[in-house]
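Heads up: the sequence lines are chains F and A, in that order.
When we follow the numbering used here, the leftmost residue of the first sequence carries the number 13, and every step to the right adds one.
When we follow the numbering used here, the leftmost residue of the second sequence carries the number 4, and every step to the right adds one.
There could be a bad hint or two in this list.
To be verified - Just a few of them, taken from the derived set where beta-carbon distance is under 8 Å, the chain F residues facing chain A: (1) G27; (2) L35; (3) E44; (4) D45.
Said to hold, decoys possible - Okay, the calculated beta carbon distance ranges per label pair: (5) F/Y18 <-> A/H214: 19 to 27 Å; (6) A/R690 <-> F/L16: 34 to 42 Å; (7) A/A737 <-> F/A23: 30 to 38 Å; (8) A/E355 <-> F/L35: 36 to 44 Å; (9) A/L40 <-> F/S32: 23 to 31 Å.
Source of the hints: derived by calculation from the structure; they are not laboratory data.
No residue lacks a Cβ here, since even glycine has one placed at the ideal position from N, Cα and C.
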Amino acid sequence: MTTLAYLIPVALFLGALGLSGFLWALRSGQYEDLDGAAERILIEPDARDSEGRLSN
Amino acid sequence: MSCCAPGAEMALEVAEAASAASAAPSSDEIKLASRALDGGCRQTDLSVPSVHCAGCIQAIEAALAKLENIDSARVNLSTKRVSVRWRGEQVPPFFATLSRLGYQAHLFDPEIQEKDRTLSELIRAVAVAGFAAGNIMLLSVSVWSGAEGATRDLFHWLSALIAIPALAFAGGIYFRSAANALRHGRMNMDVPIVVGVSLAYVMSLYETINHGEHAYFDASVSLLFFLLIGRTLDHVMRERARTAVNGLSRLASRGSLVLRDDGKREYLPVAELVPGLRLLIAAGERIPVDGDIVSGYSDLDCSIVSGESAPKAVGAGAHVQAGTLNLTGPLTMLATAAAKDSFLAEMVRLMEAAEGGRSRYRRIADRVSALYAPVVHLAAFMTFLGWMIASGDWHRALTIAIAVLIITCPCALGLAVPIVQVVAARRLFEAGVMVKDGSAMERLAAIDAAVFDKTGTLTLGRPRLINASSIDPTMLAIAADMAAHSHHPFSRAIAGYAGYSGQPAVESVSEHPGFGVEAIAEGNTWRLGRRGWAGWKARTGGEGKLGGYGGTVLSRNGNIVACFAFEDALRQDAKATIRQLKDAGLSVDMLSGDTAKACGEVAKSLETESFVPALLPSGKVEWIEALTRAGHRVLMVGDGLNDTPALRAAHVSMAPATAADIGRQAADFVFLRESLLAVPLAVDVSRKAGRLIRQNIAIAIVYNAFAVPIAVLGHVTPLIAAIAMSASSLIVIANAMRLQATAKTVPEAAPARRRSDLIGTAHP
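Just chain F, with the same shape it has in the complex (with noise of 0.2 Å):
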């Protein structure tokens, strides 16, 4: 009964904590363009800032 106590809030949080980034990722745009994504892997990194867009 008491490990209950922990583990039971460990796996609703470690469940939210997925589920918030799941959101995260959505609102941040990241599902947008999902075979850009995809695709963008296989750019060349050099000339891209940190968000894949080209830096200059």
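Since chain F is already given, all that's left is putting chain A on it; use the hints.
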């Protein structure tokens, strides 16, 4: 590049459909279509249908970013769009840059491109419901495995807490939809869903408070989760189709160059054009409003407006209609009507007046639920009464009655229709047919008559040379060389026969809009064009006048040396399409605004007898309404502005990608490939989908026939409910998947015409 293979075909089709677009828009038009952002920055959205791999993304973004005054350029590969942010007065030359890279771009309307709120709301709801369903199921499994006493109560309380956000957020979509339906006195599938889900929650809460054994929190939340997945997939599929259709080039003009009295030129949007303004229309532009020609000669392509396939020669004094395409020469015209009084607006009014099958049609799911909901609610009520009489224990009677409602909650029924439609829409999407409306497939499955427009639908609206074999090859080659200098449709048809090398080289080619092309070769004057103008030595009465009928000829020093005969080229597979539709038991008619002669020729080559020529737009609507009154359900396939009211009046409608803008908006289906076989394919897939939907509904009803007696007798526990509901949903989904399997055996629609040059240019 291997990464280009998937989706490349799709990109190609859209590119081909878009290639009908005219020249790049002027910088005034680009400015008009751009949006102002903070800090003096402007954003322009371009649709670039041929983007399809990492190479394209890099090439476009790198090239655009190098241009002056461009802040950033970002390619969205999913929607095939490029958004460019730029500053300054001068519009950076992005169209020129893109076409140098081999990408055809066109302007995209900012108002269409608003963010899809529904989709993100649905995805968020799926995420929340999934999280809640997973955790509640975990706790429920513990209860089912034997948790007792205080532990069970704790688990139930936790489940009740987790279910609250899921019901509020994910369930909200269903609550709103059900409330909306009830307010309008209608019944839809969401009403029994909402009743089942909320009663399950309330009863479980009551049980939890009283330390009861059975709680249905998992049932109510996982039900929402399953249904939301179906709804989201449905939405995604339809959104993909809509994006593809919106990405097609816009055919109506956005504005026009106005010539002021003091000689100043100014670019005004169409909405600001008023009667009395003088407008300059360059070759390749569309006429923005109705008006009269003041000066200039040209040929007008009226096919999209009136259905006439042959271009019309116009000169000063002629009246022109909005939407026609100016082919050869620059024109100055006097606007006689504002945009809201022009031909286009007239079509929009007719379209709104035509009450179509769409507004009268009730979805299958709604019709089923109108029968289903009263039956199950009555069954639950009878169960309550029966147990009250039998046992006198109202708590027990109520528990069992609610268990009946939960077990009959139409999870399978709620999925039965959307899942089949998702699979069918995907199947059609792969074949280049976009389904814009969810009920469209249901309506298409019910048709028994098909009505086709002629120009642009059964035919391509592009002339084809039919007597090439009887023309001297040398003459044909000279004509082809001369024709290459003109944009007139007849010239383009002749230019396709270039290639013979023995002909004298043509020099100083000049185009005479409304008449033809003149060139000098080896000291001789050659003319290609109207008989009366080209063969001036053989002139006969009346033919020399502008627009006079006489056929197209090639002349040397005024003597006719070759005659050219044209016919409107049939759309690929048009004949096979008509035959397949007739084999499928449909009556096929052809309605056209063109002359009886032109219609008769097309009808003969299509082996169909039934056609009506020289119809006005309202005539087409009347024809369709007469068919509807006679008890037929009519499919209208058309592309022109003049077809738009008919598209709306018909039970269901289809338009090719080359159709007029409002035609594409009005149609339920838009097909991107050139082949007309898309029509019988869509009919076939829709009919198969209709069969599967009925099977699925039957499965759901059979499931209830078994489950309800068990529930009525009081044997349903939460465990049984969870298993039964998931099982019925899975069976329904599996049945829908059969469409994918059987569809593969259907003969494939002819693959899109491939143009190697397009593929070549798409790989910089």
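Going down the list of hints, with the structure as the test:
The criterion of a C-beta within 8 Å of any C-beta in chain A is met by F/G27, whose closest approach is roughly 6 Å, and the hint holds. For the restraint placing F/L35 at the interface with chain A, the shortest Cβ-Cβ distance is roughly 6 Å, inside the 8 Å limit, so the hint holds. A cut of 8 Å between beta carbons decides the hint on F/E44: the least distance to chain A is about 7 Å, and the hint holds. The closest approach between the C-beta of F/D45 and any C-beta of chain A is roughly 4 Å, which is under the 8 Å cut-off, so the hint is satisfied.
Roughly 24 Å separates the CB atoms of F/Y18 and A/H214, a value that falls within the hinted 19 to 27 Å. Taking the beta carbon of each, A/R690 and F/L16 are about 56 Å apart, not inside 34 to 42 Å as hinted. In this structure the supplied range 30 to 38 Å holds for A/A737 paired with F/A23, their Cβ-Cβ distance being about 32 Å. For A/E355 paired with F/L35, a C-beta distance near 41 Å keeps the hint of 36 to 44 Å intact.
Checked against the given bound of 23 to 31 Å, the beta carbons of A/L40 and F/S32, roughly 30 Å apart, stay inside it.
Hint 6 alone, counting from the list given before, is not met by this structure.
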